[in-house]
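Undergrad: Each chain, written out:
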Amino acid sequence: KAGVTQTPRYLIKTRGQQVTLSCSPISGHRSVSWYQQTPGQGLQFLFEYFSETQRNKGNFPGRFSGRQFSNSRSEMNVSTLELGDSALYLCASSLEDGGETQYFGPGTRLLVL
Amino acid sequence: AQSVTQLGSHVSVSEGALVLLRCNYSSSVPPYLFWYVQYPNQGLQLLLKYTSAATLVKGINGFEAEFKKSETSFHLTKPSAHMSDAAEYFCAVSEGRELIFGTGTRLQVFP
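Protein chains in written order, with my numbering: chain A, 1 to 113; chain B, 1001 to 1111.
Just to be clear, a hint being listed does not mean it is correct.
Said to hold, decoys possible - Short derived list, chain A residues pointing at chain B, Cβ under 8 Å:
(1) GLY40
(2) LEU43
(3) SER51
(4) ARG55
(5) PHE104
(6) GLY105
None of these hints come from the bench; they were simulated from the model. Just so we're clear, the structure is a prediction, and the values are computed from it rather than from any experiment. Just so it is clear, CB atoms sit at the ideal spot from N, CA and C, and this is done for glycine as well.
Turn these sequences into a full structure, and let the hints guide you.
TA: What follows is the structure, given as structure tokens:
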């Protein structure tokens, strides 16, 4: 099976802009989670979607949002970008429910100037 | 909320030496525990997972981890390090539908 894919792999934006990142899960996986990785804060959970519904959300401002489509593909959006949003954004997919193994994509590296 | 502590942000070993990366968790009940590895400019790759089926878990690339409830530990070991093992390693615990990660340990392997 193909793994989790994320597009684009690299992105450069300026402060105040918005950005949309895309994630395609492993075929058959219905849960998609997003994480932010920074040198200062490490790996932090953003949100998790299942069957087009957000089931869990981490402690991030409302500028961070996401959605999931009927084919389980997911997008996350960050509006009004700040310098501190520069990070590696990782998407992970799993079959269902807590305890299931999450498989990660290669990530999208976002640089905000 | 659960937490994961990884002792040692950097570990250096010689090629062929034992690798020991430490992880302690805070849960009062046996959790789902994971070790992931991250190579430069890549995502996270699953090494192994503990699900209470067995306390000694074998993973990929010769790694294994032992779950010790009395010590709330889940340390990662490999008998003989290889140059290709140089990477960052993350221990994580599952809390519901969220993975809570440790701060990571960067492993350096010297020839």
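Undergrad: Let's test the interface hint: is any C-beta of chain B closer than 8 Å to that of A/ARG55?
TA: holds (6 Å)
Undergrad: Going by Cβ atoms only, is A/SER51 closer than 8 Å to chain B?
TA: Violated, because the Cβ-Cβ distance from A/SER51 to chain B comes to roughly 13 Å (cut-off 8 Å).
Undergrad: Verify the interface restraint on A/PHE104: the C-beta must sit less than 8 Å from at least one C-beta of chain B.
TA: holds (4 Å)
Undergrad: Taking the least C-beta to C-beta distance, is A/LEU43 closer than 8 Å to chain B?
TA: holds (4 Å)
Undergrad: Would the hint on A/GLY40 stand, with a C-beta cut-off of 8 Å toward chain B?
TA: Given a least distance of 10 Å, the restraint on A/GLY40 is violated.
Undergrad: Min Cβ distance, A/GLY105 to chain B: is it shorter than 8 Å?
TA: holds (5 Å)
Taken one by one, the earlier hints fail for this structure at numbers 1, 3, listed in ascending order.
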